[in-house]
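2 protein chains.
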Amino acid sequence: MTTIHEANLGGLALPREQAQARRDDLLQTGRYPAGTAGALMSSHYSCICSGLSASQAIDMLRREAADAETIYQSYVLDEQGNLLGTLSLRELILATPELPVEQLMVRPVLSVSTATSQEEVARLISEHDLLALPVLDRGGRLVGIVTCDDAMDVVVEEATEDFHKGALIGTHLGNLKTATVGLLYRKRVLWLVLLVFGNLFSGAGIAAFEDTIAAHIALVFFLPLLVDSGGNAGAQSATLMVRALATGEVVMRDWLSLLGRECGVALALGGTMAVAVASLGVLRGGPDIALIVASSMLVIVLLGSLIGMSLPFLLSRMKLDPATASGPLVTSIADAAGVLVYFGIASQVLDI
Amino acid sequence: MTTIHEANLGGLALPREQAQARRDDLLQTGRYPAGTAGALMSSHYSCICSGLSASQAIDMLRREAADAETIYQSYVLDEQGNLLGTLSLRELILATPELPVEQLMVRPVLSVSTATSQEEVARLISEHDLLALPVLDRGGRLVGIVTCDDAMDVVVEEATEDFHKGALIGTHLGNLKTATVGLLYRKRVLWLVLLVFGNLFSGAGIAAFEDTIAAHIALVFFLPLLVDSGGNAGAQSATLMVRALATGEVVMRDWLSLLGRECGVALALGGTMAVAVASLGVLRGGPDIALIVASSMLVIVLLGSLIGMSLPFLLSRMKLDPATASGPLVTSIADAAGVLVYFGIASQVLDI
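The listed protein sequences correspond, in order, to chains U and R. In this text, residue positions in the first sequence follow our numbering: the first is 789, and each later residue adds one. In this text, residue positions in the second sequence follow our numbering: the first is 789, and each later residue adds one.
Source of the hints: derived by calculation from the structure; they are not laboratory data. All figures in this text were calculated on a predicted structure; none of them were measured in a lab. Don't be surprised by glycine CBs; every beta carbon is placed ideally from N, CA and C. There may be inaccurate statements among the hints.
Residues from chain R that keep clear of chain U, each with C-beta distances beyond 10 Å, as calculated [claimed, not checked]:
1) Cys837
2) Ser841
3) Gly869
4) His952
5) Ala1032
6) Val1070
7) Arg1105
Incomplete in silico selection of chain U near chain R, CB under 7 Å [said to hold, decoys possible]:
8) Ser905
9) Ser914
10) Asp937
11) Val943
12) Ser990
13) Ala1023
14) Gln1024
15) Leu1057
Let the sequences and hints guide you as you build the complete structure.
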């Protein structure tokens, strides 16, 4: 397995000891924040000086074989280290040997800055099927590359973090199998306790309608069913938006146009579910209860869906992570809204 | 952008028209089910006949440049098309020109069969940082390769599907931005309606304790708070397991050993949350209510967590997708359990 591994993304380097030492220095200072292209990149890229011919470039790569991340993609630099273009080994091998690299290289080059987020880097590599993506400093000089295997790790890691955030679990948990009880406790406890207090709103909503409930105890039978339906519909809407925002399918400015469609979907869903519960309402409490339960269901599903689809956008706007919105958070908010809607409608219809 | 794209994963091919036509035939018959390596693979791989020298192999690749997915990884085949080893272009370029490819190639080769799931293919490519992974038929003959860019697409797609499944949304939704109201309705309605009926268990649980509730209406205040806490803790546990099963961190046989740790975590979480609600219980209903609420919280969080961590394993065992377990499904089950625990404890303590 090891030999196979080595045979694949390895490559030839252009060591130029001095330049490499400088690049290593840059990385070793650890001056790039975690989660940025700067922190993710490798300084072991293959570069080719401008002015060489194709055969000279191949000889250079071959002669100076070292520990570059990949030689399949190399970078043509001027004397100041500015990135002029990219060159694939395939193009070099196919080219007439005398052709200057400037005529072979591809430009403009798709590149990122050291401050670009690792999600954005992975998205670009995935979208454009790149082997590697060059990272430039503010002056436009090449400082590193991010290879597709690192991008793949980022994609897996980001998805895991988004799953965990959705369930309100703290990030950077590491390997689940080896996590200790103490670590898991710390990653989980904060939001669970916060949600306990958040759920006081639902409790307070119920307490405000104690008289209604006492007079019509049958109403409580439908409470979990109605309230959970709002939370479930909201979790669906939030999950769809969170994931679409993460993959770039949807961006902030799409919110308003998606809101209209969400109303349509939610009314159709709420209508279907209202029909389903209306019959239960008739069976357990007569036509009044059926009316209350069905109309509550319609409003609760509509409200839950709109909260669910809007919350990720709202969190994004507040510079918070939208991924937090997809699970228990939206459920708790939809719950409180559902209690108010249900008992509000009930007190109106029953005229209490 | 297009030029950059083309410059990267393209390569040289070894067309051998006849062989290629045969490979295309295999793919065009569409005989590989969606989601398998067979359906994902490309038949445009570079292969090298055994018996060639390194320089002959390079010449072959160079001369027969065509539309191979990648030339950076090529495959050494015998006359029957059996895969003997893999060879990277880097090794070829570095090698003494006269060296036979058999002495250069790497073996044993990490490979998959056409029936291997695309998740497993992507996991292997990611884990071993491969550029491409060969796909063999039952007879051990090379029929295609899966490249790392396709594996990256699989990783993104699988994560999206798992997010959607967690919120009980039907799969293969496509681009969210362009999805119609009708499509979204169809993908969401089934589980929402099923959960309405699922939540009847919670309602029935409440109905069974109507006398308790009528006598102590203050109990209803704590209902959403307690019941949701079980669901939230369960959603956390389920999400952790679902994701760890998806990435391969955890496998089926780990369930029992993880169960013990989950008990520890859940007791610590439940204990903390019990303390948080005990004070609220004293304030709203006196020491009896505080005792009921605190002990219910402990049991509900423990139960919710154990259900949440076990459900993904149970679904896996039943050959169902564990991803379904991470959201509203576990919440609804934990809700019903929570109602029974809460009112069960309440009737005992209040001696009704």
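Structure-based check of each hint:
Distance check for Cys837 of chain R against chain U: the nearest CB is about 19 Å away, which clears 10 Å, and the non-interface claim stands. Non-interface status of Ser841 of chain R relative to chain U is upheld: no Cβ of that chain comes within 10 Å, the nearest being about 17 Å off. Distance to chain U confirms Gly869 of chain R as a non-interface residue, since its nearest Cβ pair spans about 20 Å, more than 10 Å. Not every Cβ of chain U is farther than 10 Å from the Cβ of His952 of chain R; the closest lies at roughly 7 Å, contradicting the non-interface assignment.
Not every CB of chain U is more than 10 Å from the CB of Ala1032 of chain R (nearest about 4 Å), against its label as outside the interface. Distance to chain U confirms Val1070 of chain R as a non-interface residue, since its nearest Cβ pair spans about 15 Å, more than 10 Å. Annotated as non-interface, Arg1105 of chain R keeps its C-beta farther than 10 Å from every C-beta of chain U; the closest such distance is 19 Å. Taking 7 Å as the C-beta contact cut-off toward chain R, the hint placing Ser905 of chain U at the interface is violated, the least distance being around 16 Å.
Because the closest C-beta pair between Ser914 of chain U and chain R is about 5 Å apart, less than 7 Å, the hint holds. At its closest, the beta carbon of Asp937 of chain U sits 4 Å from a beta carbon of chain R; the interface hint therefore holds under the 7 Å criterion. This hint holds: Val943 of chain U has a C-beta 5 Å from the nearest C-beta of chain R, less than the 7 Å allowed. The restraint placing Ser990 of chain U at the interface with chain R holds, with a minimum CB-CB distance near 4 Å, inside the 7 Å limit.
Because the beta carbon of Ala1023 of chain U sits about 5 Å from the nearest beta carbon in chain R, less than 7 Å, this interface hint is met. With a least beta-carbon distance of about 5 Å to chain R, the hint placing Gln1024 of chain U at the interface is held under the 7 Å criterion. Look at Leu1057 of chain U: its Cβ gets to within about 6 Å of chain R, closer than 7 Å, so that hint holds up.
Comparing the model with each numbered hint stated earlier shows that hints 4, 5, 8 do not hold.
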